[in-house]
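Take a look at the letters that make up each chain.
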Amino acid sequence: MGRAAPWIVLALALTFPLAMQAEHQTYYLSFASRIFIYALAATSLNLILGYGGMISFGHAAFVGTGAYVSSILLSEGVASAWIGWPAAVAASSLAALVIGAVSLRTRGVYFIMITLAFAQMVFFLVNSMKAYGGDEGLSLRERASLGLGVDLGSDFAFYYAALAALAAGLYGLHRLAHSRFGRVIQAIRENEERAEAIGFPVYRCKLVCFVIAGAAGGLAGALLASHGKYVNPNVLHWTQSGTLMMMVIMGGAGRLWGGVIGAAALLGLEDLIANHRVDWLAAIFPNYQQHASLGVGTVLLAIVLFAPQGIAGMLARKKHA
Amino acid sequence: MLELKNLSKRFGGVVATDDVTLEVKRGEVHALIGPNGAGKTTLIGQISGSLGSDAGAILFEGLDITHAAQHARVRSGLARSYQITSMFKRFTVLDNLALAVQARSGSSFSFWRPVSAEAPLFDEARTIAGEIGLAGREAVVVAALAHGEQRALEVGLALATRPRLVLLDEPMAGMGPEESENMIALLERIRARITVLLVEHDMDAVFRLADRVSVLVSGRVIASGAPAAIRAHPEVRKAYLGEDAKA
Chain A
902 MGRAAPWIVL
912 ALALTFPLAM
922 QAEHQTYYLS
932 FASRIFIYAL
942 AATSLNLILG
952 YGGMISFGHA
962 AFVGTGAYVS
972 SILLSEGVAS
982 AWIGWPAAVA
992 ASSLAALVIG
1002 AVSLRTRGVY
1012 FIMITLAFAQ
1022 MVFFLVNSMK
1032 AYGGDEGLSL
1042 RERASLGLGV
1052 DLGSDFAFYY
1062 AALAALAAGL
1072 YGLHRLAHSR
1082 FGRVIQAIRE
1092 NEERAEAIGF
1102 PVYRCKLVCF
1112 VIAGAAGGLA
1122 GALLASHGKY
1132 VNPNVLHWTQ
1142 SGTLMMMVIM
1152 GGAGRLWGGV
1162 IGAAALLGLE
1172 DLIANHRVDW
1182 LAAIFPNYQQ
1192 HASLGVGTVL
1202 LAIVLFAPQG
1212 IAGMLARKKH
1222 A
Chain B
121 MLELKNLSKR
131 FGGVVATDDV
141 TLEVKRGEVH
151 ALIGPNGAGK
161 TTLIGQISGS
171 LGSDAGAILF
181 EGLDITHAAQ
191 HARVRSGLAR
201 SYQITSMFKR
211 FTVLDNLALA
221 VQARSGSSFS
231 FWRPVSAEAP
241 LFDEARTIAG
251 EIGLAGREAV
261 VVAALAHGEQ
271 RALEVGLALA
281 TRPRLVLLDE
291 PMAGMGPEES
301 ENMIALLERI
311 RARITVLLVE
321 HDMDAVFRLA
331 DRVSVLVSGR
341 VIASGAPAAI
351 RAHPEVRKAY
361 LGEDAKA
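Heads up: the sequence lines are chains A and B, in that order.
Positions in the first sequence are counted from 1; adding 901 to them yields the numbering used here.
Positions in the second sequence are counted from 1; adding 120 to them yields the numbering used here.
Hints in this document: simulated from the structure, not taken from any laboratory.
What you are looking at is a predicted structure, and each value in this text was computed from that prediction instead of being measured.
Just to be clear, a hint being listed does not mean it is correct.
[To be verified] Derived Cβ-Cβ restraints for the label pairs, each shown as a range: (1) P155/B / A906/A: 53 to 61 Å; (2) G172/B / A905/A: 51 to 59 Å; (3) A189/B / T927/A: 50 to 58 Å; (4) D184/B / S1194/A: 33 to 41 Å; (5) L913/A / G226/B: 35 to 43 Å; (6) R210/B / Y1131/A: 40 to 48 Å; (7) E1093/A / A177/B: 23 to 31 Å; (8) G172/B / A1018/A: 21 to 29 Å; (9) R210/B / T927/A: 41 to 49 Å; (10) P234/B / D1172/A: 43 to 51 Å; (11) L1026/A / S338/B: 49 to 57 Å.
[As the list claims (entries may be wrong)] Part of the chain B face toward chain A, derived, beta carbon under 10 Å: (12) F211; (13) L219; (14) A220; (15) A223; (16) S227; (17) S236; (18) L277.
Even glycine gets a Cβ: it sits at the ideal position worked out from N, Cα and C.
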């Protein structure tokens, strides 16, 4: 993206709710918040997957840990977001530290499988927590409260909270990518053996990177729970990890905007298929709207085949051409 | 400077290095020669720390580093280069070298400040690029370099860590005569300040550069000494140099 593009996107995002409010379209306000939250989760995965080259298939564990910790606190009467969200971030960081410390001893397919296994362990753990809804999930009476005269219960205010979190996450990733640490992480992705051979403590760097991503994923989880006022174990299911991976790969792994573009594209596509009936398609495939994932899968396939750098990569290439 | 004591490494049932005892003295160019499969690269791996050892000890400047992590060995002044070029291929020459400089200078756990603000890293990287004959090529992506240039950078990356002892694994592999001459000249320049353990098949280069030569055959050191003595050594002639070698 050019120098101006991020500012244009930000300006559009800032004014979007005003337009929606004028049109009384609260559905799309809430939908946009959901995209921001998934964009933050995908961006955090992009840090380890795209920048660090660690193909983690268990990122839902961190999003889910954040979602559950903040929800449990809310259901126990701790309403303040200033306690609930940092607690979610802390718990997810700790989970990432433990899971990363073990998983990062392995490479390749083993790493993919072990991160998946850990995430499934957390999934079953949460499933068995009967006090907090078990497999039925946990409904929240209200969203976390931010104080300061802001009512997060309104979709309008929540939209800006989600936008602020995403903007902070993106700016953080931008700074990190160009910092000393970011360069080491990308060097490790390129050639792990040589990174160690020029003196970088590869394992420790990967672990720190993993924990940062887990922390940001935890914040996304806390926002997600507050957004829907509901959390259930499916937020930790392996298909969630898969969805986040799809977002990163579709959007552009290792590119700043990859997670954002991927989340917007995937959720937007799902919404488009499910809520906007195309008559000629329906004439051929009567139930196609119930199979949105088939459409999403087709698009993903096309992107992997024709734009292996993701949508962000495709846009960047066009600009250079 | 470097002492190997009864060092061994097995891969399953295959003995790669077998009871290797060797000393590299400060300031020398010590060449390690031997036929293919003799265990030279394995030994480099053991000394640099990318491979563990099954038995024996490694002493670097008097300290036992047998179980030290590879990155810790690099920071203590022991670096290596690779026989098969191993770099950050999608990065530029300058970024490759700056990374190696960064690894040595200061903490890499800095998450906020842009590296581009750290002029000294890139100044030093440029100096090294000049030293290895890549001046003017700093902005080129490594994958686009010629083979000889990649080999020079391969050694340059090891030098950028400012080692006191450098392990060079066949730096002249696949080089033409002119490129080999450049590499020999580079090694002649650095030998005044860096001790070198040189694995090399180019016998001409070995006998021009080496102060001492050790011969590895089937994982064992069969001879170690001055180049002239090694040339004359009957076992070496039989095992490695071949009967037709001229003394």
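Given the hint of 53 to 61 Å, is the C-beta distance from P155/B to A906/A inside that range or not?
With Cβ atoms ~59 Å apart, the hint holds.
Per the CB criterion, is A223/B less than 10 Å away from chain A?
Hint holds; A223/B Cβ to chain A Cβ min 4 Å, cut 10 Å.
P234/B and D1172/A, beta-carbon distance inside 43 to 51 Å?
At 38 Å between Cβs, range violated.
For the restraint on A220/B, tell me whether the closest CB of chain A is nearer than 10 Å.
4 Å, holds
Return the status of the interface hint for L277/B: holds when the least beta-carbon distance to chain A is below 10 Å, violated otherwise.
Holds, because the Cβ-Cβ distance from L277/B to chain A comes to roughly 6 Å (cut-off 10 Å).
Given a cut of 10 Å on the nearest C-beta pair, is the interface hint for S236/B held or broken against chain A?
7 Å, holds
R210/B versus Y1131/A beta-carbon gap, inside 40 to 48 Å or not
44 Å, holds
With respect to the beta-carbon atoms only, verify the hint that L1026/A and S338/B lie 49 to 57 Å apart.
Since the Cβ atoms of L1026/A and S338/B sit about 54 Å apart, the hinted range of 49 to 57 Å holds.
For the range 35 to 43 Å, tell me whether the beta carbons of L913/A and G226/B fit it or not.
40 Å, holds
Status of the given 23 to 31 Å range, CB of A177/B versus CB of E1093/A:
27 Å, holds
Identify whether the interface hint at F211/B stands, where standing means a beta carbon of chain A within less than 10 Å of its own.
The hint holds - F211/B has a Cβ within 10 Å of chain A, the shortest such distance being about 7 Å.
Cβ distance range 41 to 49 Å for R210/B and T927/A, holds or violated
Given about 46 Å between the Cβ atoms, the range holds.
The structure shown violates the earlier hints numbered 4, 10.
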